[in-house]
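Residues per chain are reported as follows:
There are 10 protein chains.
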Amino acid sequence: MLFLAHMQVNIPDTVPTERADRLKADEKALAQELQKSGKWRHLWRVAGQYANYSVFDVESNDELHSLLMSLPLYPFMKIEITALAQHPSAIAKN
Amino acid sequence: MLFLAHMQVNIPDTVPTERADRLKADEKALAQELQKSGKWRHLWRVAGQYANYSVFDVESNDELHSLLMSLPLYPFMKIEITALAQHPSAIAKN
Amino acid sequence: MLFLAHMQVNIPDTVPTERADRLKADEKALAQELQKSGKWRHLWRVAGQYANYSVFDVESNDELHSLLMSLPLYPFMKIEITALAQHPSAIAKN
Amino acid sequence: MLFLAHMQVNIPDTVPTERADRLKADEKALAQELQKSGKWRHLWRVAGQYANYSVFDVESNDELHSLLMSLPLYPFMKIEITALAQHPSAIAKN
Amino acid sequence: MLFLAHMQVNIPDTVPTERADRLKADEKALAQELQKSGKWRHLWRVAGQYANYSVFDVESNDELHSLLMSLPLYPFMKIEITALAQHPSAIAKN
Amino acid sequence: MLFLAHMQVNIPDTVPTERADRLKADEKALAQELQKSGKWRHLWRVAGQYANYSVFDVESNDELHSLLMSLPLYPFMKIEITALAQHPSAIAKN
Amino acid sequence: MLFLAHMQVNIPDTVPTERADRLKADEKALAQELQKSGKWRHLWRVAGQYANYSVFDVESNDELHSLLMSLPLYPFMKIEITALAQHPSAIAKN
Amino acid sequence: MLFLAHMQVNIPDTVPTERADRLKADEKALAQELQKSGKWRHLWRVAGQYANYSVFDVESNDELHSLLMSLPLYPFMKIEITALAQHPSAIAKN
Amino acid sequence: MLFLAHMQVNIPDTVPTERADRLKADEKALAQELQKSGKWRHLWRVAGQYANYSVFDVESNDELHSLLMSLPLYPFMKIEITALAQHPSAIAKN
Amino acid sequence: MLFLAHMQVNIPDTVPTERADRLKADEKALAQELQKSGKWRHLWRVAGQYANYSVFDVESNDELHSLLMSLPLYPFMKIEITALAQHPSAIAKN
Numbered sequence: 001m002l003f004l005a006h007m008q009v010n011i012p013d014t015v016p017t018e019r020a021d022r023l024k025a026d027e028k029a030l031a032q033e034l035q036k037s038g039k040w041r042h043l044w045r046v047a048g049q050y051a052n053y054s055v056f057d058v059e060s061n062d063e064l065h066s067l068l069m070s071l072p073l074y075p076f077m078k079i080e081i082t083a084l085a086q087h088p089s090a091i092a093k094n
Numbered sequence: 001m002l003f004l005a006h007m008q009v010n011i012p013d014t015v016p017t018e019r020a021d022r023l024k025a026d027e028k029a030l031a032q033e034l035q036k037s038g039k040w041r042h043l044w045r046v047a048g049q050y051a052n053y054s055v056f057d058v059e060s061n062d063e064l065h066s067l068l069m070s071l072p073l074y075p076f077m078k079i080e081i082t083a084l085a086q087h088p089s090a091i092a093k094n
Numbered sequence: 001m002l003f004l005a006h007m008q009v010n011i012p013d014t015v016p017t018e019r020a021d022r023l024k025a026d027e028k029a030l031a032q033e034l035q036k037s038g039k040w041r042h043l044w045r046v047a048g049q050y051a052n053y054s055v056f057d058v059e060s061n062d063e064l065h066s067l068l069m070s071l072p073l074y075p076f077m078k079i080e081i082t083a084l085a086q087h088p089s090a091i092a093k094n
Numbered sequence: 001m002l003f004l005a006h007m008q009v010n011i012p013d014t015v016p017t018e019r020a021d022r023l024k025a026d027e028k029a030l031a032q033e034l035q036k037s038g039k040w041r042h043l044w045r046v047a048g049q050y051a052n053y054s055v056f057d058v059e060s061n062d063e064l065h066s067l068l069m070s071l072p073l074y075p076f077m078k079i080e081i082t083a084l085a086q087h088p089s090a091i092a093k094n
Numbered sequence: 001m002l003f004l005a006h007m008q009v010n011i012p013d014t015v016p017t018e019r020a021d022r023l024k025a026d027e028k029a030l031a032q033e034l035q036k037s038g039k040w041r042h043l044w045r046v047a048g049q050y051a052n053y054s055v056f057d058v059e060s061n062d063e064l065h066s067l068l069m070s071l072p073l074y075p076f077m078k079i080e081i082t083a084l085a086q087h088p089s090a091i092a093k094n
Numbered sequence: 001m002l003f004l005a006h007m008q009v010n011i012p013d014t015v016p017t018e019r020a021d022r023l024k025a026d027e028k029a030l031a032q033e034l035q036k037s038g039k040w041r042h043l044w045r046v047a048g049q050y051a052n053y054s055v056f057d058v059e060s061n062d063e064l065h066s067l068l069m070s071l072p073l074y075p076f077m078k079i080e081i082t083a084l085a086q087h088p089s090a091i092a093k094n
Numbered sequence: 001m002l003f004l005a006h007m008q009v010n011i012p013d014t015v016p017t018e019r020a021d022r023l024k025a026d027e028k029a030l031a032q033e034l035q036k037s038g039k040w041r042h043l044w045r046v047a048g049q050y051a052n053y054s055v056f057d058v059e060s061n062d063e064l065h066s067l068l069m070s071l072p073l074y075p076f077m078k079i080e081i082t083a084l085a086q087h088p089s090a091i092a093k094n
Numbered sequence: 001m002l003f004l005a006h007m008q009v010n011i012p013d014t015v016p017t018e019r020a021d022r023l024k025a026d027e028k029a030l031a032q033e034l035q036k037s038g039k040w041r042h043l044w045r046v047a048g049q050y051a052n053y054s055v056f057d058v059e060s061n062d063e064l065h066s067l068l069m070s071l072p073l074y075p076f077m078k079i080e081i082t083a084l085a086q087h088p089s090a091i092a093k094n
Numbered sequence: 001m002l003f004l005a006h007m008q009v010n011i012p013d014t015v016p017t018e019r020a021d022r023l024k025a026d027e028k029a030l031a032q033e034l035q036k037s038g039k040w041r042h043l044w045r046v047a048g049q050y051a052n053y054s055v056f057d058v059e060s061n062d063e064l065h066s067l068l069m070s071l072p073l074y075p076f077m078k079i080e081i082t083a084l085a086q087h088p089s090a091i092a093k094n
Numbered sequence: 001m002l003f004l005a006h007m008q009v010n011i012p013d014t015v016p017t018e019r020a021d022r023l024k025a026d027e028k029a030l031a032q033e034l035q036k037s038g039k040w041r042h043l044w045r046v047a048g049q050y051a052n053y054s055v056f057d058v059e060s061n062d063e064l065h066s067l068l069m070s071l072p073l074y075p076f077m078k079i080e081i082t083a084l085a086q087h088p089s090a091i092a093k094n
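Residue numbers (full-length UniProt numbering), protein chains in the order written: chain A, 1 to 94; chain B, 1 to 94; chain C, 1 to 94; chain D, 1 to 94; chain E, 1 to 94; chain F, 1 to 94; chain G, 1 to 94; chain H, 1 to 94; chain I, 1 to 94; chain J, 1 to 94.
These are calculated hints, taken from the structure and not from any lab test. Errors might be hidden in some of the hints.
[To be verified] If we take Cβ atoms under 10 Å as the criterion, some of the chain I residues that face chain J in the derived model are:
1. L4
2. V55
3. M69
4. S70
5. Y74
6. A83
7. A85
8. Q86
The beta-carbon is built from N, C-alpha and C at its ideal position, and this holds for glycine as well.
Input sequences plus hints: build the corresponding full structure.
So this is what it looks like as structure tokens:
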């Protein structure tokens, strides 16, 4: 089951650079792991912004929420979720 | 080069049902052709709406605009485009 | 799996009264059937508006979209979907 | 009498972790007590956000406001209230 | 129990003048009756607009919704409701 | 002459509690005095928010602005003013 | 007492050209008369739009509303009013 | 050539009172000088807000921008510019 | 003096195709003439929309407004104007 | 391939003046270099704001994003990108 996520990241000045760097490295590692597992199906940068559009493939809303909350940068993200359904003209199954 | 498109469809009452049906059939045929060609990489229905999120893979802004204008339902669509770049944590190339 | 739906209804003047009345009656019958089946878990009127907030309990985004599209008044509705997850402080399971 | 509440929580960095944790624990305890009493009828997490949709069953606007102000996290919440009425197609009484 | 209502009126061209005039006369008569009964406590015109702010004093959300739906111009109104509570600095009881 | 005011209060963390408490007490005293004088005709709490809707009865825009600026919490308020005129269906004079 | 008005005009297609022309001529005549009387103090076109910003000098909100309602194009206008007060740095009296 | 400017002022807490007072005094002096020169043609306070609507009479966009940047409070202002043209019904020349 | 214009075109169904085609042809001819004259300095299509961003080089707000009003499609355009000034880092003069 | 960028700059108080000045100087130097290279085709100041509209000529979305991220003030910018296509009435090639 697919969800589109618009994720905007905003790490405030008050976070020390060192901690921010570690969070970003952890985020990247987990993001790649989740992509390999198939849960995080797509990850695209929005040109000109510290933001991304992602597509997640999960079993349920609860799994989606748990996955997002597990991200190291989650406390600094503003996330908007769109539930995606099968489009009748799509040639691929969701 | 990838672009996310948010496409909302609104066919007014004044369009005769027959014409609307033909337009939708033509739209579907062309959408599937473009998906097979790889230009229209993803096509998802927004749950609860006559709208979709799509990802297009084109050579240029001009090609994107020409492709969208060629859609039979284009005159009835409200389209918002987001330019997508390679995300540094993505494991796949755009 | 629960989804909150904000559903605004707007039947234009061009729909004959008779057809509008039949659509509303059919909508009511189906809404009650879906409530009895447990799929349409809650249905509340927004005070002062021809709109409702509803909670649907479905297996997937696809089931949600199919259910909404089956509503007789669907062509006249503007629907916004919010995916709901289990709240850690809730005493009831979703 | 039912009210839908959209509650967004934002605890600023300046609140010490220890205090934040105590506030969250107190919030949870009170939330569960109010759910058991029937006043806080539903509590759902918005997927991907530190926010919830809740339904309160109270005698009056004053009781609703008092209840919300009694929440330990109230000073950190942005709350939007929607008054709910009986829907003519609902099979349950509000 | 008090509710503030922001009521915008928009009678489309397609309504014949005669019917519009009759609706307005009926609306005025009912509005004055409801004011005399104490249910429609305040009624103010928004300067420069075909809109008003009103305060209703009702027993419940259901009574509020029924009252508003009974207005002859209700089908042509866009209404936003705000639930009002007793303000601690107010010298009058709501 | 009546004006509706939507007043949202936001006292930042940087204001010491003691000063905030004194400001609130002063605000309350002045608000009650102005209500008794008839200048601040209505004062209602917005349920669920640190905000109010008020109606002021003043001689001019200048008097309105002076009155609002004299409020101890004015520097922490976001205020939106709506000029109210006599409604033709109102049974009371503004 | 001064008010700024943002006035957007939108005459729908359904108004016959002849009637629209007569309304515009009447509007112009009245606008000029009101300017000469000093009630309509300023009238500026918004570049690129069928809209204006105006400043009215009236005795009360009621006079403002009556004046605006008397405009021949009033039924086709969307008007937003801002109450203006004396600015402490202004060298002219309002 | 006239421009309407909507200017909102927001001096943060971090600016020492003394510096804020000096900036305001300097702003007032310059504002009055520019009014006397005819460049700053109108200056009105928005009732209930730390904001003004102003009309500037300048030779060019560049002169407008330079003038605004020269204001002592410019760094604390949010400014929206509207280009004004001669209105065909205005009796005064811009 | 430069102005950025965001121009959205919406020709309603009620305009006969023949008239729409003639208007578009006239619009194109005039647009090209104005570009050659240097008044309409840039003209770009917004990808995916019946809209453009344009830059005009005119002597005054009045000239800008007159130019825009002379466009055959002006009655069907929604135009937003932004006044542009010389940027201190630009290597070209406006 | 052209992109319009709306770039708003907001350097918070917490950045020391010295560092801000160095960032601005570096930004200016790079902006001029990119203009000379033809990548940053246009750069205009929005009158009255610390913001600009720019047009970039790049090979791809990735090049656009890299270019923007390389700007010294990028962390303090809010950027909105619009993909531009060839307009059929434009006399110049994009």
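Structure versus earlier hints, numbers of those that do not hold, lowest first:
3, 4, 5
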